[in-house]
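Q: Reading the sequence shown from the start, the letters are residues 1 to 95 in UniProt numbering.
If you're looking for bench data, these hints aren't it; they were derived computationally from the structure.
Honestly, I wouldn't trust all of these hints.
Cross-link-like lysine to any residue pairs, in silico, SDA-like; alpha carbons within 25 angstroms at most [what the hints assert, rightly or not]:
#1 Lys47 to Arg25
#2 Lys47 to Ile67
#3 Lys41 to Arg25
Nothing here was measured: the structure is a model prediction, and the numbers come from that model.
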Amino acid sequence: MNLQTDDNDEYNSLKGNDCKTSVCRICYGSSEEEELKTPCKCLGSVKHIHQSCLMNWLRTGNNHCEICNTPYRFHRTTLPYNQRISPNKTSWHLA
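Let's have the full structure, built from the sequences with the hints guiding it.
A: What follows is the structure in structure tokens.
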């Protein structure tokens, strides 16, 4: 059995540079908007995510990847005193 494809279909139109461009698997935004992270064991087009998109996911109570089930690991950093808005301002970053 041969699989026939139409040269004008959507799949074939993505064969060019579009497939090489990394995008966030949540919002489909590029690395130009925010740096893309790879926080889990996912591969291919689903391995990239913006940290802000991941933080929104974590706020829903999920602490692992919904695809590969890898737990997300973060470390806490305290901002220098002159960059703090409140006295104990901390920031969370992917480990």
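Q: Just pull the numbers of the violated hints for me, sorted ascending.
A: none
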